[in-house]
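Generate the whole structure from the sequences, applying the supplied hints.
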Amino acid sequence: MAPAIDEPRKRITARVSDRVRVTLEQAAELMGATVNQFVVQTAYLEAQRLIERELVIRLSQKDARKVLSLMANPPKPNQRLKDAAKAFKGSVRA
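Using this note's numbering, read the sequence shown as starting at 15 and increasing by one per residue.
Just so you know, not all the hints are guaranteed correct.
[Said to hold, decoys possible] What follows is a set of in silico ranges between Cβ atoms, one per label pair, in the way DEER data are often shown: (1) Q40 / A86: 49 to 57 Å; (2) K24 / F102: 19 to 27 Å; (3) K103 / A28: 45 to 53 Å; (4) R25 / N87: 54 to 62 Å; (5) R63 / L84: 27 to 35 Å; (6) I71 / A41: 28 to 36 Å; (7) V49 / F102: 36 to 44 Å.
[Unchecked claim] For lysine to any residue, the following SDA-like pairs were computed, each having C-alpha atoms within a straight-line distance of at most 20 Å: (8) K90 / R107; (9) K24 / F52; (10) K76 / Q55; (11) K76 / A86; (12) K90 / K100; (13) K24 / V53; (14) K96 / R107; (15) K96 / V106; (16) K76 / P88; (17) K80 / V70; (18) K24 / V54; (19) K24 / K76; (20) K76 / N87; (21) K24 / T48; (22) K24 / T56; (23) K24 / V49; (24) K24 / E60; (25) K103 / N92; (26) K24 / Q55; (27) K100 / A86; (28) K90 / F102; (29) K24 / L59; (30) K24 / A61; (31) K96 / M85; (32) K24 / Q51; (33) K80 / P91; (34) K80 / K90; (35) K103 / Q93; (36) K24 / V70; (37) K96 / R79; (38) K24 / Y58; (39) K103 / P91; (40) K24 / A41.
No lab work stands behind these hints: they were computed from the structure.
Glycine included, C-beta positions come from ideal geometry on N, C-alpha and C.
Next up, the structure:
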């Protein structure tokens, strides 16, 4: 996680209990990092994981094949879909 050159840096601070501080210090020492480096790196990796989990849809091979098949051969619209499209068109201004 190398910072971009000339990218301004902002400070993030946190107040933690002694128990949390000691744990963070131990973990940072095991990684050969400062507490700040450890906290930033760990928080950054977790943030990336969370964003990916929320933005990426994962499908099994079976489900992926079904989605691709439906995209290639969409079913004909039923009455419920036609009614929904009509209601939508009536609710928005062009």
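Quick rundown of the hints versus the structure:
Between Q40 and A86, the C-beta spacing of about 55 Å keeps the proposed range 49 to 57 Å intact. About 42 Å separates the C-beta atoms of K24 and F102, a value inconsistent with the hinted range of 19 to 27 Å. For the pair K103 and A28, the supplied restraint of 45 to 53 Å holds, since their beta-carbon distance comes to about 50 Å. One distance hint, 54 to 62 Å for the beta-carbon pair R25 and N87, holds here, with the actual separation near 55 Å.
With their beta carbons about 30 Å apart, R63 and L84 fall inside the hinted range of 27 to 35 Å. Take I71 and A41: their Cβ atoms lie about 33 Å apart, and the range 28 to 36 Å holds. Taken as a hint, the range 36 to 44 Å is violated for the pair V49 and F102, whose Cβ atoms sit roughly 53 Å apart. Only pairs whose Cα atoms come within 20 Å are accepted, and K90 paired with R107 is rejected, the gap being roughly 26 Å.
Restraint check: the Cα-Cα separation between K24 and F52 comes to about 17 Å, which is no more than 20 Å; the hinted pair holds. At roughly 36 Å between alpha-carbon atoms, K76 and Q55 are farther apart than 20 Å, so this suggested pair is violated. For the hint linking K76 to A86, the alpha-carbon distance of about 15 Å falls within 20 Å, and the restraint holds. Our distance criterion of 20 Å between C-alpha atoms is met by K90 and K100, whose separation comes to about 16 Å.
A distance of roughly 15 Å separates the Cα atoms of K24 and V53; the hinted pair therefore holds under the 20 Å criterion. Proximity of K96 to R107 is assessed by CA-CA distance (about 19 Å); at most 20 Å being required, the pair is judged to hold. The hinted pair formed by K96 and V106 meets the criterion: a straight-line CA distance of about 16 Å does not exceed 20 Å. Distance hint between K76 and P88 is fulfilled; the C-alpha atoms sit about 17 Å from each other, no more than 20 Å.
Taken as a hint, the K80 and V70 pair is honoured in the structure, with Cα atoms around 18 Å apart against an allowance of 20 Å. Under the criterion of a C-alpha separation no larger than 20 Å, the hint pairing K24 with V54 is consistent with the structure, at around 12 Å. Of the supplied pair hints, the one linking K24 and K76 is violated, its CA atoms being roughly 46 Å apart against a limit of 20 Å. As the CA atoms of K76 and N87 are separated by approximately 16 Å, the hinted pair is consistent with the 20 Å bound.
Note on K24 and T48: the hinted pairing holds, with a Cα-Cα distance of about 18 Å set against a maximum of 20 Å. Pair hint K24 plus T56 holds up; C-alpha atoms about 17 Å apart against a cutoff of 20 Å. A threshold of 20 Å between alpha carbons decides the hint, and for K24 with V49 the separation of about 17 Å falls inside it, so the pair holds. As the CA atoms of K24 and E60 are separated by approximately 19 Å, the hinted pair is consistent with the 20 Å bound.
In summary, the hint linking K103 to N92 is supported, as the alpha carbons are separated by about 17 Å, within the 20 Å threshold. Straight-line distance between C-alpha atoms of K24 and Q55 comes to about 15 Å, which keeps the hinted pair within the 20 Å bound. With a C-alpha separation of about 24 Å, the suggested pairing of K100 with A86 is violated against the 20 Å cut-off. Restraint check for K90 and F102: satisfied, since their Cα atoms lie roughly 18 Å apart, inside the 20 Å limit.
For the proposed pair K24 and L59, the alpha carbon gap of about 18 Å is at most 20 Å, so the pair holds. In summary, the hint linking K24 to A61 is supported, as the alpha carbons are separated by about 17 Å, within the 20 Å threshold. Distance check on the hinted pair: K96 and M85 sit about 18 Å apart at the alpha-carbon level, within 20 Å; holds. Proximity of K24 to Q51 is assessed by CA-CA distance (about 14 Å); at most 20 Å being required, the pair is judged to hold.
Between K80 and P91, the direct Cα distance comes to roughly 18 Å. Compliance with the 20 Å bound is thereby established for this hinted pair. Distance hint between K80 and K90 is fulfilled; the C-alpha atoms sit about 16 Å from each other, no more than 20 Å. At roughly 15 Å between alpha-carbon atoms, K103 and Q93 fall within 20 Å of each other, so this suggested pair holds. Taking the CA atoms of K24 and V70, the gap is near 29 Å; set against the 20 Å cutoff, the hint is violated.
Our distance criterion of 20 Å between C-alpha atoms is broken by K96 and R79, whose separation comes to about 26 Å. The straight-line distance between the Cα atoms of K24 and Y58 is roughly 14 Å, inside the 20 Å bound, and the hint therefore holds. For the given pair, K103 sits about 16 Å from P91 by alpha-carbon distance, which is consistent with the 20 Å threshold. For the hint pairing K24 with A41, the CA-to-CA distance comes to about 24 Å; that exceeds 20 Å, so the pair is violated.
Checked against the numbered hints above, the structure violates hints 2, 7, 8, 10, 19, 27, 36, 37, 40; every other hint is satisfied.
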